[in-house]
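J.: First to last, the sequence lines map onto chains Z and Y. Position one of the first sequence corresponds to residue 1 (the working numbering), numbered consecutively onward. Position one of the second sequence corresponds to residue 111 (the working numbering), numbered consecutively onward.
Please note that a few of the clues may not be correct.
[To be verified] Just the calculated beta-carbon pair ranges, DEER-fashion:
# : chain 1 : residue 1 : chain 2 : residue 2 : range
1 : Z       : 79        : Y       : 177       : 29 to 35 angstroms
2 : Z       : 58        : Y       : 148       : 30 to 36 angstroms
3 : Y       : 163       : Z       : 59        : 40 to 46 angstroms
4 : Z       : 49        : Y       : 138       : 16 to 22 angstroms
5 : Y       : 138       : Z       : 14        : 42 to 48 angstroms
6 : Y       : 151       : Z       : 49        : 24 to 30 angstroms
[To be verified] Calculated lysine-lysine pairs in the BS3-like style (CA-CA distance at most 27 angstroms, straight line):
#  : chain 1 : residue 1 : chain 2 : residue 2
7  : Y       : 151       : Z       : 97
8  : Y       : 132       : Y       : 150
9  : Y       : 132       : Z       : 79
10 : Z       : 45        : Y       : 128
11 : Z       : 79        : Z       : 2
Honestly, the hints are just simulated from the structure, not real lab data. C-beta atoms are modelled at their ideal positions from N, C-alpha and C, and glycine is treated no differently.
One letter stands for each residue in the lines below.
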Amino acid sequence: RKEVEQDPGPFNVPEGATVAFNCTYSNSASQSFFWYRQDCRKEPKLLMSVYSSGNEDGRFTAQLNRASQYISLLIRDSKLSDSATYLCVVNSQNDYKLSFGAGTTVTVRA
Amino acid sequence: ETGVTQTPRHLVMGMTNKKSLKCEQHLGHNAMYWYKQSAKKPLELMFVYSLEERVENNSVPSRFSPECPNSSHLFLHLHTLQPEDSALYLCASSQVRGNTEAFFGQGTRLTVV
């Protein structure tokens with residue numbers, strides 16, 4: 001079983017729609033969780049950290065469910081510029097190892 | 111400015127060439143990583159250096175040789191590569207024992223001909 005698994009999508013949504021997707025992780029001892037965004041042919045960039053209580057940053061909301069071992073990302077009022085691949089990242093084993101999911105592709109259409 | 115700088119940004123090399131990729135971070139981090147990303151594939155972790163010591167080598171062929179002379183610099187030496195090694199090579203850094211995120215350089219897009 002992969003350490004981090006994501007639905008690859010693609011999620012094709014119209015502008016203004018809400019889109020949400022999850023990521024599951026296998027190691028129950030995981031401590032840190034992040035969502036990264038990667039645009040085509042560019043490097044991944046941190047979108048937001050995910051905290052136990054859930055957190056919101058503008059139109060983006062992240063949730064953590066430790067019991068079921070998944071994190072989620074919800075994007076409200078989608079913009080064309082939200083089109084990207086969203087990577088789930090988990091600190092799975094120790095302090096230095098970050099495990100990346102394969103990414104979920106989101107395409108927002110006009 | 112991401113704080114992690116990679117050079118060169120693009121590289122075309124023949125299978126008999128020897129070249130090196132360079133990564134430099136200005137964030138005061140003590141862990142550095144090399145990742146490979148082939149077209150339409152997820153990131154693959156290649157090497158991890160923590161406190162300047164190589165702590166992970168993910169079964170990477172010996173034609174890739176990393177070097178970490180200090181906590182701010184990381185190199186990836188390349189020799190006798192194959193066309194299937196063509197990919198985006200990304201360097202990242204993070205702070206060990208802080209559960210902090212990793213910051214990536216802009217990558218080197220490598221083409222082996």
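J.: Checking each numbered hint in turn, tell me which of them this model violates, lowest number first.
T.: Violated hints: 1, 9, 10, 11; rest satisfied.
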